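Once you have looked at the hints, place chains B and C on chain A.
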Amino acid sequence: MNQPVRTTLQKHSERLVPFVGRGPVDVHRRPRQVALRVGGVVALLVLLLVAGQVLDIARLLTLEEALALAAFAMASNLLIGYGGLVSFGQAAFFGIGSYTVALGWLHWQLSFWLALVIAPLIGGAVAGIIGLLALRSRRLYFALLTLAFSQLCYVLAQERYTFTQGANGVIGPMLPDSLIDPRHAYLFVLAVAAAAALVLWKITTSPFGLVLRATRENRERMQALGVNVFGHQLLAFVISGAFCSLAGVLFVVYSQSAYPELLDWTQSGYAVYMVVIGGMFTFLGPALGAGVYTFANQYLAQHTSDWQLILGLILLVIVLFRPDGLAGLLSPRPWRSAARRLQARFGQQEDSTTDTTDPDRTTGELP
Amino acid sequence: MRTLILDVVGILATAGSLFIVSSGLTLVFGAMRLINVAHGSFYMLGAFVMTTVAANSAGARFWVAVAAATVVVAVLSVVVEVSVMRRIYASDHLTHLLATFAVSLIVADLALRVWGSGGRSVREPSVATGAVSLGGATFPAYDLVLIAAAFAVGLGLWLLLTRTPFGWRIRAAVDDPELLSCTGTRLSLLRTGVFMLGAALAAFAGALVSPQVTVAPGMDTAIIVSAFIVAVIGGLGSIPGAALGALIIGVAETLGASYAPSWSSSFMYLAMIAVLVMLPSGLLGRAER
Amino acid sequence: MTALLRATGLTRRFGGFTAVDHVDMEVQEGGIHAVIGPNGAGKTTLFRLLTGLVRPTEGRIVFAGSEIGGSRPHKIARRGLAQSFQLTAIFPRLSVLESVQAAIIARQRHTRDVLHWTGRSTTAEAGAILDRVGLGAASGQLANTLSHGDQRALDLALALAGRPRLLLLDEPTAGMSILETRQTIDLIVDLVRTDGLTVLFSEHDMDMVFGISETITVLHQGRVIADGPAATVRADDDVMAIYLGNAVRERN
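Quick mapping for you: the protein sequence lines, in order, are chains A, B and C. Per this note's numbering, the first sequence runs over residues 1 to 367. Per this note's numbering, the second sequence runs over residues 1 to 289. Per this note's numbering, the third sequence runs over residues 1 to 252.
With the rest of the complex left out, here is chain A (with noise of 0.2 Å):
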């Protein structure tokens, strides 16, 4: 019986940060402190319903893309952080999303309402698929595994031109007429985002949750408490490629296009990277990510080419530093322990000729 190594992520992660809940129910939590987020979250609510009012429209879009793409890193990290299981082909249901309105509007002229509910249907179904074959392989393989998944069907979109029309994508007059006002749509986003999340929470608070962060962080030990571990973890892949084809839909109506790139593997590597730069131990870090990666995406593009080399380095030094993402900046302690870190670290650095690394040891598991 192997105890799971822990990984340089996991050791971090061991002061859960109080960003808005660490995902499970927390009985020992305070009463001033659920006054404190239920406020905290409230607050976010109503400033992003004023900021619908007041951003002009250029902001208002890229706020509406950062919440499709909140959506989207949320139920990622649904199996990323919650089941340590890291998938690269998340992006497949997010396109499949985008393009269940897109071909429905093309070619059965599917209203766009009735797109909604079914786009995440058929994610669910895909995901059960996928999962089903992927969840077979472990850590490294079952993320390798995922990516040939959403390569495929990349690939698929790309080249079954008479059907998805190619590289151009479709593009078109596909969002119902309540939705063309710019700030109708964001209000919309923002609802459906806002239930999204609000679902996702639920279900990673209910024992489902708490028997998927179980399995996380040992397999064989819920295995021998009686959870049939293969089962569990493919619902969890059902979920979370359910909700990510929900954040493609809401990403249409930002876009009002579908394109095969939606499904690239770079775009599953964005959602892992939304996930790991907001802070993947924590519900709403995924949230925060998306919205950093997304203004800054924007903002760069504008006043600099080089926003790919600030992207890399933001990524690198978390990846580094600060493991816990930028919503451990918000625990109550981040800057002496990251200075502890970096000590550390650099303390480490010094005798690295002598450093071992087993292995098998680095094999261990994805966090």
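Incorrect hints may have been included.
Part of the chain A face toward chain C, derived, beta carbon under 8 Å [as the list claims (entries may be wrong)]:
1. L210
2. V211
3. L225
Looking from chain A toward chain C, a few residues come up when the C-beta cut is under 7 Å (computed) [what the hints assert, rightly or not]:
4. I203
5. T205
6. S206
7. P207
8. F208
9. A214
10. E217
11. N218
12. R221
13. Q223
14. G226
15. V227
16. N228
Since the hints were made in silico from the structure, they are not lab data. Model, not experiment: these values are computed from the prediction. No residue lacks a Cβ here, since even glycine has one placed at the ideal position from N, Cα and C.
Coordinates of chains B and C only, in the frame set by chain A:
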């Protein structure tokens, strides 16, 4: 007969360049359990350096440029290894994936700055220009260069790993790095060496394929997926596996392109899924505990 | 008394190595049964066979009247066979309370329940179990911050949360302090006397083995070399010679 020869040459040329890239990826994984997403970046850098140094010269300068691309990228990779990789060897796969993904973003940006977004090209060397006719089939002479290079790399790696102290140490590092460091090997130097060799192989492949492709940004993310697929099908860490994987993908791509062109890109992914679902550690890979 | 667990001809080979070799044994309901043997005797493999983590090469395992040999681990666990692990198997980044809650949810088979909150039905029971193993005060701590002895106690709590009929303990006091060992022994005896649990354990500490167990099975190189009431095994010359050695003889 004619189509058979065409297919065989096409398969071997495709498989050859894929093998050179993937061998570097799988070597680094085998020796250090490191997943290097930035491997595609070294490939792209190799191609870019090639375009600069070769400067469309078809003469001997072509070969000088191949060597220069390989060496320049190898040196750059040492900078990456010392500044980033050394800090993350002891971490988990996710950290490896993310840190090297970050490096690939940074490299992509810097490459864009230096070489711009336009496509660049390189002329084939004069010795391998034009077409060769064999048994009624006509194919690019340069395909033979790729095939020869792949065989040379395969042979070279085999000799290196089985006949030199450096190779013995690499293989020992796979089994037990702790013991190896006890016997007096500077593990950090060995790792730098392996990482550099991996990057050099990527750059060599990038430089070699440059006459046959448009050298442009985006090469990195495209090749890394193919390289992973080849390495994973063969079994991560296994160099013969990479050769086998490259051959399988070569067959899938070449035959796909001839007989089912609109589906050809799907075959590679289907092949990987099929192999991994049946053999979770690839064809020649060791089971991962 | 009736046999709660019966293994017949149980064998497991790893390549050419036979870790468990035609083992026949019975565990009586409501008793404390020890499996002893030198390192590498096959105790851990035997336990992994019983819990389904390793599939038998040959032989049968009957638990509470049903064949469980070759069943998947979670199916066996649901029948009431729980294990506490030699290398402590806890959930490092869950709190102590959450860990036990997860185990209770697993027993209740509410693992797919996404509609309720975790706390509702499980907090009280989890608290009671933690009090039982002496971790009541640590329930808010993360599991990986506990001391080694406390981690073993949590591991035991996880097994108890499954309300098992048979509890398998693989070296329950390994690495524990004298005080912790004493407490663990008291707890095991109490669980059997008060709750009617059956305990099967492996152990190196001979004082503990002869102190609390009613029945002892001795394994050597994968085979059973002695099996029966503690007093009989103790008097067995083969056991003395092969395994117990001088320590016991001197004490006698």
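Original post:
Would the hint on A/E217 stand, with a C-beta cut-off of 7 Å toward chain C?
Top reply: holds (4 Å)
Original post:
With 7 Å as the cut and Cβ atoms as the points, is A/R221 at the interface with chain C?
Top reply: OK, holds: A/R221 within 7 Å of chain C, min 4 Å.
Original post:
Taking the closest Cβ pair, is A/V211 under 8 Å from chain C?
Top reply: holds (4 Å)
**OP:** Return the status of the interface hint for A/F208: holds when the least beta-carbon distance to chain C is below 7 Å, violated otherwise.
**Re:** holds (5 Å)
Subject >> Restraint check, 7 Å cut-off on beta carbons, for A/V227 near chain C >> reply: holds (5 Å)
**OP:** For the hint on A/S206, just tell me whether its beta-carbon gets within less than 7 Å of chain C.
**Re:** holds (4 Å)
**OP:** Return the status of the interface hint for A/T205: holds when the least beta-carbon distance to chain C is below 7 Å, violated otherwise.
**Re:** This interface hint holds because 6 Å falls under the 7 Å limit.
Subject >> chain C contact restraint for A/P207 - C-beta distance below 7 Å >> reply: Given a least distance of 4 Å, the restraint on A/P207 holds.
Original post:
If you take the shortest Cβ to Cβ gap from A/Q223 to chain C, is it below 7 Å?
Top reply: holds (4 Å)
Subject >> Satisfaction of the A/N228 interface hint, Cβ to chain C closer than 7 Å >> reply: holds (5 Å)
**OP:** Grab the minimum C-beta distance from A/L210 to chain C and call the hint holds if it beats 8 Å, violated otherwise.
**Re:** holds (5 Å)
**OP:** Please verify that hint: A/G226, Cβ, nearest Cβ of chain C, below 7 Å or not.
**Re:** At 4 Å from the nearest chain C Cβ, A/G226 passes the 7 Å test, so the hint holds.
In terms of the numbered hints stated before, the structure departs from none.
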